[in-house]
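So the sequences go chain by chain: A and B.
Residue numbers for the first sequence follow the numbering used here, beginning at 1 and rising by one.
Residue numbers for the second sequence follow the numbering used here, beginning at 1 and rising by one.
If you're looking for bench data, these hints aren't it; they were derived computationally from the structure.
Where hints are given, some of them may not hold.
Stated by the list, open to error - Derived lysine-lysine pairs resembling DSS-like cross-links, with alpha carbons at most 25 Å apart:
no., chain 1, residue 1, chain 2, residue 2
1, A, Lys34, B, Lys40
2, B, Lys359, A, Lys42
3, B, Lys388, A, Lys42
4, A, Lys42, B, Lys133
What the hints assert, rightly or not - Far from chain B, by Cβ distances over 12 Å, these chain A residues were calculated:
no., residue
5, Ile7
6, Gly27
7, Glu44
8, Gly48
9, Glu50
10, Glu75
11, Leu99
12, Glu109
Claimed, not checked - Where chain A lies over chain B, by a calculated footprint (3+ residues, C-beta under 8 Å):
no., region
13, 196 to 202
14, 262 to 270
15, 301 to 309
Note that the structure is a prediction, hence the values are computed from the model and not measured.
Ideal placement from N, C-alpha and C gives every residue a C-beta, glycine not left out.
The residues making up each chain are set out below.
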Amino acid sequence: MKLVTAIIKPHKLEDVKDALKEAGITGMTVDEVKGFGRQGGKTEIYRGAEYVVDLLPKVRVEAIVPDELADQVAEIIVVSARTGKIGDGKVWITTVDKLIRIRTGELGEDAV
Amino acid sequence: MKGFLVIDTGDTAWMLISTGLVLFMTPGLAFFYGGMVRAKNVLGMLMQNFFAMGLMAIIWVTIAFSLAFGNFGDGGFIGNLDFAWMRNINATTGNEAFALTIPFVLFCAYQMTFAVITPALITGATADRFKFKAYGIFIALWLVLVYAPVAHWVFGGGWLAKLGALDFAGGAVVHINAGAAALAVILVLGKRRGWPREGMHPHNLPFTLLGTGILWFGWFGFNAGSALAANGIAATAVMNTFLAASAGMIGWLLFERIKDGKPTTLGAASGAVAGLVAITPCAGYVGGMAPIIIGLIAGVLCVFAIQLKFKFGYDDSLDVIGVHLVGGLIGALLLGFFADAAVNPAVKNQGLFTGGDAKLLWFQFVASAVTLVFSFTVSFIIAKGIDKLIGLRIAEEDEFEGMDLSQHAESAYSFGSTGSMDRI
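Looking at chain A on its own, in the form it has when it is part of the complex:
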C-alpha cells in the first residue's frame, strides 16, 4: 500500500475530492495546515504597523491506496489541484508498512 499525501490550495479541495471520488477512491483524510514554500508570505498592516504573515493556510489531503493505483491517484491530484500559479503545493507518495481496519481487524489491502 502507498500513502499519497498532497498539500494543496484550500479552494481546490472540492475539485480534488470530486476527482478522487470519480476515480473510485474509497476514503481520504483532510486537515487544515499552515506553511510556506516558494510562494512566501503576505503583508498585513494594522494601524501602520506591518506584519509579514509567512505561514499561509493550506489543506493537506491524505489517502491510502493499493500500490498499483498510487501513481494514478497522484496524477489526479496534480491535475485537479493545479492553478498554474505559485503556491499550488506538492504531492508525494510513501510506502505504508501495515494497515489495519479497526472495526473488523482486516489487514493490508483488504483494509484500504
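Add chain B to chain A, keeping to what the hints say.
Relative to chain A, chain B alone:
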C-alpha cells in the same frame, strides 16, 4: 440646596435618553478594544470594561460625585461631602447653583456614565497584562483621586472653569485625563512580552467596527447630552459630533492610503474615534465647517501620534495615548481657534479664527497641561503603590496563557479544529 426644581419635561426626556446612550458607549468601547486584542485576551478586555460599569457606579454615588460636584461654582479644587452616600440627591428638589431643568438625580446618573467610561478608556493601553485585582483597585482610587478633582475643576465650576477654559463634554476631563493616566500606568506596567517584535494582530476586527458604531451612536448622548437640555446647543452638538467623526475617518483613511498603500477597516474605525475625541470639548461651542476641520486634523495627526510608541518604546497597546490623549489635546487647543459666542453664549472669549485673540487658546493650553500633568503624576503614584503592595502585572506564564484563562478561568471561543480537541 434650597429652592424647588422647575422640571422641563423635554429636557428631562432628552437627558434620560442621553444617560442610556452614554452608558452604552462602555460596552461599545469593550468591543472596540476587544476586537483588537488577541483571542486569548478578549474576555479579559471585555471584563475590565464591564467591571467599570459595576464598580465605578457604586463609588460615584458613594463619594466621587460629591467630590466632583459639591461646592459647585466655587472656583476651587475639590467638592465636598454634601452629596455623599446619595444624600441630597433626589428627583424633586434641585440645587439652584446648578441651574438645572432636570431632576438632580438624573444629573448625577448622567455624570455617572462619564465616570464609568473614563477609567475604562485606560484599559486599551494596558491590554493583556494588567492584573484584574490590581486594575479594580487602581480604577477605584483613580476615580476618587484623579477623576473627581479634575471633573470639579472643569464641570463642577472649579478653578479651570473660573479661569475661562472651556470643555463642553470632556476633552480634558475625559480624554486627556484618561490618556495621561494610561501613559503613567503603562510606564509602571512595562511592555507586553514580545512587543514589538511579535505581531500582535487584532483577532476580530468586526468586533472593533461594531464597537466603533456603538461609540459613534452613544457619543451623541455624550456630547449633545452635555448641553443638559433639549435645545439648539444640543442640536448643534449632534451635528458637530457627526461631522467630526466623518471627517476624522476620511482624514485617517486618506492619509493611510498615501502612507501604507491601503485604506484599512481598523483605520476607518480609528479615524472616526479620533474625530469624536477631538470634537468632544468643542461640540457645543463651535459651528459651521469647524467640526469638519477639527475632525480632519485629528484624523491625520493621530495617524502620526500612534507611531510615537515605536519611536519611544512604550507599549500603548491599543493606542489610547495616540488617539485619546493626542485627540483630546487637539480638540482642546483647536477650541481656542474656533469657539464662537454666536453658537453658544457661554463662550466669553472668541477663538482666534472667530474674531477673538489668543486668550482662550492660552486658557485651553493651561487646562490641558494642568490636567495632563496632574493625571499623569497621581496615576503614576497610585500605580507604583499598587505595584509595590500586590503587583500590577500578571505573571509571565499567565501572560503567555492569556488574560481569559489566567484571570477569569474562561475562554472566549470553544470552536475550531484542533483547538477544541481538549474540550470534547
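Exercise. Beyond 12 Å from chain B, beta-carbon-wise, is Leu99/A?
Worked result: holds (24 Å)
For this session: Measure nothing beyond the straight line between the CA atoms of Lys42/A and Lys133/B; if it is 25 Å or shorter, mark the hint as holding.
Result: Measuring from Cα to Cα gives roughly 40 Å; hence the hint is violated.
Exercise. Within 25 Å, alpha carbon to alpha carbon, are Lys34/A and Lys40/B?
Worked result: holds (20 Å)
Exercise. Should the label of Glu109/A as a non-interface residue stand, given a Cβ cut-off of 12 Å to chain B?
Worked result: Glu109/A clear of chain B: closest Cβ-Cβ about 31 Å, beyond 12 Å.
Exercise. Is the nearest Cβ of chain B still more than 12 Å from the Cβ of Gly27/A?
Worked result: About 19 Å separates Gly27/A from the closest Cβ of chain B, which puts it past 12 Å; holds.
Exercise. Taking C-beta pairs only, is Glu75/A more than 12 Å away from all of chain B?
Worked result: Given that every Cβ of chain B is farther than 12 Å from that of Glu75/A, nearest at about 29 Å, it holds.
Problem set entry | Proposed proximity, Lys42/A with Lys388/B (alpha carbon, max 25 Å) | violated (44 Å)
For this session: Taking the shortest Cβ-to-Cβ distance between Glu50/A and chain B, state whether it exceeds 12 Å.
Result: violated (8 Å)
For this session: For the pair we were handed, Lys359/B and Lys42/A, check the Cα-Cα distance against 25 Å.
Result: violated (52 Å)
Exercise. Does the claim that Glu44/A lies outside the interface with chain B hold up, using a Cβ gap greater than 12 Å?
Worked result: Answer for Glu44/A: violated, closest chain B Cβ roughly 7 Å.
Exercise. Quick check: the region 196 to 202 of chain B, covered by chain A? Criterion 3+ residues, Cβ under 8 Å.
Worked result: With 4 residues closer than 8 Å to chain A, the region 196 to 202 of chain B meets the three-residue bar; holds.
Problem set entry | Beyond 12 Å from every chain B Cβ - status for Ile7/A | With a cut-off of 12 Å, Ile7/A remains clear of chain B, as the shortest Cβ separation is near 16 Å.
Going down the numbered hints, you'll see the structure goes against 2, 3, 4, 7, 8, 9, while the others check out.
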